[in-house]
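**Q** Residues per chain are reported as follows:
2 protein chains.
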Amino acid sequence: MKELAPDHPEWTQEELFRAVLEGDQAALAGLGMEGLTKLVMASHAGVTTDEFAESVAQWLRTARHPRFNRPYTELAYQPMLELLHYLRANGFRTYIVSGGGVGFMRVFAEAVYGIPPEQVVGSSLETKFELRDGEPVLVRIPEIDFINDKAGKPVGIHKFIGRRPIAAFGNSDGDLQMLQWVTAGSGLRFGLLVHHTDGDREYAYDRESHVGRLDQALDEAAERGWTVVSMKDDWKVVFGDGK
Amino acid sequence: MKELAPDHPEWTQEELFRAVLEGDQAALAGLGMEGLTKLVMASHAGVTTDEFAESVAQWLRTARHPRFNRPYTELAYQPMLELLHYLRANGFRTYIVSGGGVGFMRVFAEAVYGIPPEQVVGSSLETKFELRDGEPVLVRIPEIDFINDKAGKPVGIHKFIGRRPIAAFGNSDGDLQMLQWVTAGSGLRFGLLVHHTDGDREYAYDRESHVGRLDQALDEAAERGWTVVSMKDDWKVVFGDGK
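Heads up: the protein sequence lines correspond to chains A and B, in order. As numbered in this note's numbering, residues 245 to 487 make up the first sequence, in order. As numbered in this note's numbering, residues 245 to 487 make up the second sequence, in order.
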C-alpha cells in the first residue's frame, strides 16, 4: 500500500487507508473481512495483469519477513520442496491449490516450487479484455471472481484441472473439503495434514487460531486415514538454504 | 433432452421443452439466446460432475452426425489433428479454448485431440461442493460461471493458463480477441484463421452466418498478419479415417 500510495492521492481521504499508511497496528488488527477486502481491491485492481505481475515481482525482490529476516521466496518449507521433487521425479504432476491470489502466486511459484503458472489454482479477481490505444490488455477489476478456500477448493480443482487428484496436502480447515474430495476417489488415495507445532522454528497453533485454524480437519484425520505430520517432531529442517 | 425426459415429467408442462421433445424444428430455430440458455441449464445442471461426464460419454457412444453419418468424435479435422501432433512433437503444449462447455469437451478431448482435461478451457456452469450421505460430490448448478467466447477467450486463457500463448488458431469472430491478444505479445507470434469455404466436403459460410460468423476477424487478418486458410483450396483432406 505504501509503495502504491503516491499514485493514489485519494487514499489520504479515507480513514481506513490512512490508518494503513500510517502503520496503525490497532486499526489493522480490527479490519475485519470487509476492510481487508477493500484493501485488496484497492491495491490489487485497476492495473493490467502484466503491471500487477511486475509489481508483485518488484515487491518480492525487496520485501523481507520481519521475524525470519529472509525474502519470502526463501521461506518455502524444505520438506515440502523435497516432497514436490520426489513426486515429480516419479511421474506426478504437482499443483498448488491456495486460498491466496493466483495472480500473486504465479509470479514466484515456478522459481520457488518448480510449479509453472498453469498449475497454480487460487483465488482471483475478475479481469476484463480491453484495447488501450489499439493494444490488447487484460485489466484487473475490483470484483471477486473466485474464492479458492474451504468448499471452494474442490470446486477450483475441478474447474482448473478437470480431474480428481489422487493425493492432497493441507495445513488448515481451509483444506478440509479438498482432502475429503480427493481421498474419497476410487483406488489408492493419500491425504496429509501438516500440524504447526513448532513455536521455536516456525509457529505453533491449531484449534483456536484466527488465521489458519486447524480444528475440524484434525478431528477427521483419524477417521478418514489422513497422515498428520508434526512440524516439531517430524521435520528435521523447516527452512532450507534455498538450494 | 429426449434421453433425460423420462426423469423430468415436469418438462411436459413447459411449452419450450415440449416443442424440443416433439422435434419441432421451427420452434427450435426461433429459440433465441434465452431459450437456448434455459435448455442448457435444464439438461446440463442438477447432476454431479461425475454423472454429467458419464451422460456425455454415453451420448457420444451412440450419437451420429445426421449429414456425415459418423460419430461426432470422428469429425475432428484431419489437418487440425496433424497440426496438434506436429506442435507437440516439437515441444509445444497444446490447449483447446472453446466457447463450448468445458465439462462436455473434457470427456472426449483426450481421446480425439490428445488434449488432457487440464488443457481444455471452456464455458462453465457453477459447481457446488456437497456431502451426500457423507460422500463428497460436486454438483452442477444452473448458474453460468463463465462464458469463454469473444472477449472472454483471452480472459479464460489468462485465468486457466496464466501466461500468453505464442500461437492461436480460430475460425470465427468468437476468436477475434484471443487472436489479438496472443499475437500482440512480444517476440515471434503466430495467428491463423480457418475459413469455411467448402460447401461440398464441409460447409461454406462467413460474414452473414448466424452461427460461427467470421467477419471482423477476416478484415483484421490482413492488417495484423494472420494466416487465412481456405478449407476448400488448402485442405487435401477434411475428415480423416480417425487414425
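For the record, the hints were derived by calculation from the structure and aren't laboratory data. Possibly wrong hints are sitting among the right ones.
Put simply, identical chains are the same to the list, so a pair is met inside one copy or across any two.
Said to hold, decoys possible - Taking lysine to aspartate or glutamate pairs in the DMTMM-like style, the calculated list, with each CA pair at most 25 Å apart, reads:
id, residue 1, residue 2
1, K282, D450
2, K372, E362
3, K282, D268
4, K282, D463
**Q** So which hints don't hold here, by number, going up?
**A** 1, 4
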